[in-house]
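Chains A and B are the protein sequences, given in the same order.
Note that the first sequence covers residues 1 to 235 in our numbering.
Note that the second sequence covers residues 1001 to 1753 in our numbering.
Just so you know, these hints were derived from the structure itself, not from any lab.
Each residue gets a CB set at the ideal place from its N, CA and C atoms; glycine is no exception.
Honestly, I wouldn't trust all of these hints.
Below, a sample of chain A positions facing chain B; criterion: calculated Cβ distance under 8 angstroms [as the list claims (entries may be wrong)]:
hint	residue
1	L30
2	L31
3	A34
4	L121
5	Y122
6	I127
7	G158
8	I161
9	P187
10	P189
11	D191
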Amino acid sequence: MVAAAPRDQPLPVLLTCKYLLSLVLGLGLLLTLAQSEFELQACLGALRIYSLVVVVLQVALQLVAPEASALHPGGGGGEGHIAAGFGKGKARNRAGKLVDFILVVILSIFSVCLTHIVTVLYGAYLIENIEETFTFSILVASLAFVRPLVALGPGALGLIIERANFEEEPVLQSLTAVVGAWFGALPIPLDWDTPWQVWPLTCCIGAVIGEVGASAYLLSKIYKAVDSRKKNKST
Amino acid sequence: MASSDWDVLVLHYLGLDHIGHVEGPMGTHIGPKLLEMDKVVKDIHTALEEKGDRYLITICGDHGMSDAGGHGGSSHSEVTTSAVLLSNTFGKFSPGKIRQVKQVDLAPTLALLTGVSIPVGNIGRPLTEVLSHMGLERRMLLHRRAAKQLLAIARGSGLFSGNDNAELIFEEATRLHKQVLQSDALEAERVCRFYQECQEMVSDALASKLQSYDLTAIFASAVAVIVTFAVCLWRLLTYPPDVREVAWANVCWCAGGTFLAWLLCCATIPGSCVCHLLQPTAWLLGLTFVYVLVMVGQAFLTGSSRRKQRMSAIKPLHQFLLLGTGFHTLSLLGTSLVEEEHQTVYFLLSSLHVGFIISLIIQIKRKVLVGRHDTDAGRHKVDDDLEDEDVTELPTRISGRGSEGVTWMQTLRRTPVKLLLLSVLSLSLSRLMRSWNSTGDKWKHLEDLGDGIRAAGGYVLMVVVLAGLVAALFMFSQNCLPLVLVGCTCIFGRHFPLSSSGGVLEAQFAHFVIFILFVYGLLKAKLIDFKTPNSKTKSNLDVFEPEEEKMTVLLRYSVTALSLLCLLLQRADNIGLLALVMLQNYIMSSVLCKLMGTGLISSGAAALAVNWLAFAHFFYQGNSNSLATVDISAGFVGVTSYRPFVHGALIATQTFGGTFLTYLSYLMQIISRDAQKERWQYPLFVWWTVRLATVSLYLVNVTFQRHHLFILTVFTPKLLYEGAHLLVLCVLTLFMWSVEKICTVLEVSYRFE
């Protein structure tokens, strides 16, 4: 814990920025959707842009500060695994990184397709509305699957399952996005005939709300950690 | 407006209703729309004034508006609207306070004003202010006419058998009327008032009778269902039950108590149908209350010491199943979710499949990771097919570990990938089946797969029917293949007949074959005892419990016979669907049983999952919660003359056969693995508890909403269906009980030989 403290110093600032940015982005998206009065094409465009921005943000953070995107304080073992995962020794570093990069890209595309298939299996139309279903799968995949892949590398699934700690960043964000999308499906069969009940808007909004909630929770956690550390320092 | 070739003009303006639905009563467009309406009325009024004839403008709404802008409920603002009558015959009539009248009062008013006779059966009374411009004699005559008609309706509906105040008033008014006509007294107003009083009494009595419910019977039934549910829940929580003999003295005490309560109820609230002993209501309620009292007595005697620890470690899957069932039950409180109940069920079922898949993936990965920690912690492979070889390599690596790990590993290593694939297959089947028949209300009109197949007709239909029958043949191939083959051929012949009877002969032959199959199953179950040395292939056949084998055999043949019967009764394109349903039954039953074996889900949770599956299969066939989707043609398959009971039984089999088969296949799977009575009775208890919970909540809701607009179109048909599902469970329970009794009796007779 003491050894980890100096390393944590730049992290809270970066992480705070990251969570704040994702919070702002999520709220911004919701506002945009509401402003456009839920007109379908505009909303689909906004959702795609949001997914892209989210992934770009994660990639940028990964490039700028690789250890910042590692699992949160208490993830010492995880970093060891990642270091090992990125190839043994410095000699293989570049080749290993290239292989990992390609793997991450392939797995991201695979996760988008998987989400699309799962959505169709849940009841989305196979042929009609394929654009809407695909936009929804891009959104959920980028929020829930691509970000952990970028952060943790190709072994993300194994790491998450092994750790299975719901307080940590990648797990929490994936979980809330997926659970939010699941709850977003509940208003679909109601007969209110409102403009936002069109597929896929309710599920997308649910996923974004889940993401915003996760960011807010993580921000509050950092605030508490910083607060307690300040108290520790003062005493 | 200007032309004079019309007498009545009816204008229906939809704008205000539409704006209300979209924006609500406080929307921005409401004001301008109302002004527009004002202008319209003004234009009409001006035009009619210019014309110079006598006119009457009636402005009214057909319903009100709730705060959200919709209507259909029974709130005050939704069922109240306003009516304005403008005429140049009303004289100097300054509008005083607004009077509350019934909507049915408009009809006699307009009828009397225009000279048309009052509609037959109308229970309203004319508005007195509107008739005030007419002469006294005419007014008395019109009021008399209206009162006479209302009294005739009241007499016809048997309303005034004991209470004929209205008749006395009418006679008094008639007497005065004659006096006024003869002697021209100034009592005309009094005559009119008498007539109006008579009208008011009769009209109110008729209106209240229209929406009267037998509240005593409803209340007693709701209480009976709720306490039965409580008893069922108690028995479920203290499972397995302590088998105590029920003393006949206790039953007599309970029966006596119920009888006294019934007497008390009928003394205080007469006129309810509970009090008529010729109707089954009283007997059914009496039986229920006696049973409940006996059970309560037993509960007190056995005490609460048998409360088992079931809440120890509830896994997420269990929580999801419980919460999902609770959500499904609660969703029936809203009309749109009652109409679209199939969406709820499909959604929950898909989520359950995904939950299984995720749990299995986690289990597979966890075992791999546990094994990998000793060895190279380098490359992590994510693809599932690459994991296969890792999983099979596990036992050699961890054979040095504790012994309990090995057995768990060995049971899991053979099955998890297979279970994963089966779950994925079942999910795909669900997706295919849900698009076969679209049901419900909102999206019912969209074309579905069944529509497409029927529209294509010809070869496509034949291929679908053939495929379904061949699949069924493979699934039932081990139950007397020749008979099943003949049955399937007859079913095919029903839709593509070779004989000249148009498929009726084939259908009748199929009925016969199914009956023979069932009898054969009975014989086969019985004959097992008599051929002990070389009969069965099971090596662990214990001679002291042969009924295990017998029950399985009997159930297998019953499932086969019932499946063939259901296949026979379906529409042509639904044969393919039913084959898929049976396939999914088989897959899900074995998946659930294996998952129970590995401890991933408990038997209660598996029973809840089967409940969802049964409901999904109910909806896949195209049934819904409205009576319009019941397939009447199924009642006439192979029946050439009118036999109502036969038709009813066949229609019931076709509608609920899928559900029944789902329950029965699951019980068959459980019994074939372990025929202990407790193992297969537990799911029955779970299903009864869930059904009773749903019915009690729904009954209470319907009782509170009995004045809702959709009470007869949505709520009551659903109540009928819930009752029918309870009956299905009754039939299932009785069937299992009789099967068990047959096998036990046979075993006893074997021992005595």
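(message) Flag every earlier hint the structure violates by its number, smallest first.
(response) Those not satisfied are hints 1, 2, 3, 6, 9.
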